[in-house]
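J.: Sequence:
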Amino acid sequence: MSFYYPPDLSAGSFRAEALVNALLDNVSEHVEIDVITTQPNRYHTFKATASSYEQLPNLTVQRLTVPSHKSGLVDQAFSFGSFAIQVCKATKNKHYDLIFATSSRLMTASLGAYISKRTGTKLYLDIRDIFVDTLQGVLPPKLGKIVSIIFSSIEASTIRQATKVNLISPGFTPYFNKRYPEKSFTLYTNGIDELFLTPLPTPTPTLNLPAQPSRLKIVYAGNIGTGQGLHLIVPKLAKRLEHEADFHIIGSGGAIERLKHELDREEVRNVYLTPPMKRDLLLKLYREADVLFLHLNDMKAFRRVLPSKLFEYAATQKPILAGLSGYPSRFASSRIQNSAVFNPCDVEGAIKSLRSLELRPTPRKDFITKYSRTDIKRRMAFDLLKTSPKHAQLKQEG
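Residue numbering for the sequence shown follows my numbering, starting at 179 and increasing by one per position.
Think of the hints as simulated: they come from the structure by calculation, not from any bench.
Since the model is a prediction, treat every value here as computed from it, not as a measurement.
Beta carbons are placed, not taken as given, at the ideal position from N, Cα and C, and that holds for glycine.
Computed Cβ-Cβ distance ranges for the label pairs, DEER-style:
(1) R457 with L234: 19 to 25 Å
(2) A334 with E372: 36 to 42 Å
(3) K295 with E536: 52 to 58 Å
Based on the provided sequences and hints, a complete structural model is requested.
T.: Rendered as structure tokens:
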């Protein structure tokens with residue numbers, strides 16, 4: 179189960195697809211994989227068509243239609259509620275040997291736990307975020323405290339129902355080890371997809387970024403939400419660099435209107451907003467960039483995460499300017515060459531870090547080898563399949 183799946187644009191979507199591909203490469207013909215997901219709905223500005231039901235060798239993909247949303251908490255809750263009801267119906271008379279659920283906002287994981295308990299099936303969870311921490315950061319303090327207590331209880335029952343739990347970031351381990359000392363956790367992180375391991379394509383005239391040749395091209399691609407906090411850094415940073423750099427923001431999300439408002443308020447004219455696009459087109463924009471930009475808001479929850487975008491950026495050989503704190507800051511600083519990290523929302527720190535970058539391609543061969551998504555997912559696939567009572571049907575691991 180994954181709320182997002184290709185052709186939808188989402189870190190969870192790409193992660194789920196990579197695992198499915200790894201499973202298909204390493205199972206016998208007698209293993210059947212059912213993927214239950216949604217029709218593309220990650221961004222209301224990105225439309226993609228996909229079959230509601232796909233039947234392939236060893237694989238069935240069922241895409242459920244859910245209400246559209248604009249990345250707000252309430253509309254996303256309605257969207258997930260629709261998904262949960264439909265998943266329960268779709269699995270009512272099914273008999274599985276193993277349930278896998280990948281989840282960033284806990285609810286897909288808790289849905290997996292519910293079905294696991296109802297059917298007596300083993301559960302493997304892939305946890306991509308600490309939702310309790312996130313809620314405390316994005317909600318008003320009093321409401322956040324109340325809601326976090328409720329979701330802490332849901333999290334506890336979800337984690338304890340699982341046979342195995344994978345954490346996407348080593349930064350999560352202190353939190354989960356403290357709360358669930360009886361559990362052991364695996365760490366299969368995000369990685370670099372094959373798409374980004376090929377040489378960057380030559381720019382095409384149709385995708386030339388609207389910047390003068392002498393100016394720096396700083397590119398951000400991804401979600402534009404409260405978690406990224408672009409509205410708290412980009413307008414002021416772009417204003418300070420208006421005579422030397424252009425910012426190209428590709429994406430959408432719940433905070434895009436706040437970003438537009440701040441850009442207008444600061445009278446910024448060197449920031450260009452583009453709707454979400456497919457990854458092959460993104461590669462062409464990366465090719466034209468001088469610097470790739472990443473930012474996470476100054477919240478406790480984001481001091482533990484490991485953004486998938488870091489891996490994608492690192493594979494391009496481009497300089498990386500990143501506003502990060504905690505574990506992701508230490509990870510980028512120690513493992514990704516020619517990346518400059520500053521404290522989130524710190525304009526002066528961002529400018530100082532930008533000046534420290536070497537504006538040239540930087541091969542990161544060791545990093546790319548270590549964090550190949552294909553290799554990581556292959557190991558995770560074997561771990562997942564061995565959790566099943568029928569794991570004897572695995573192909574011989576070579």
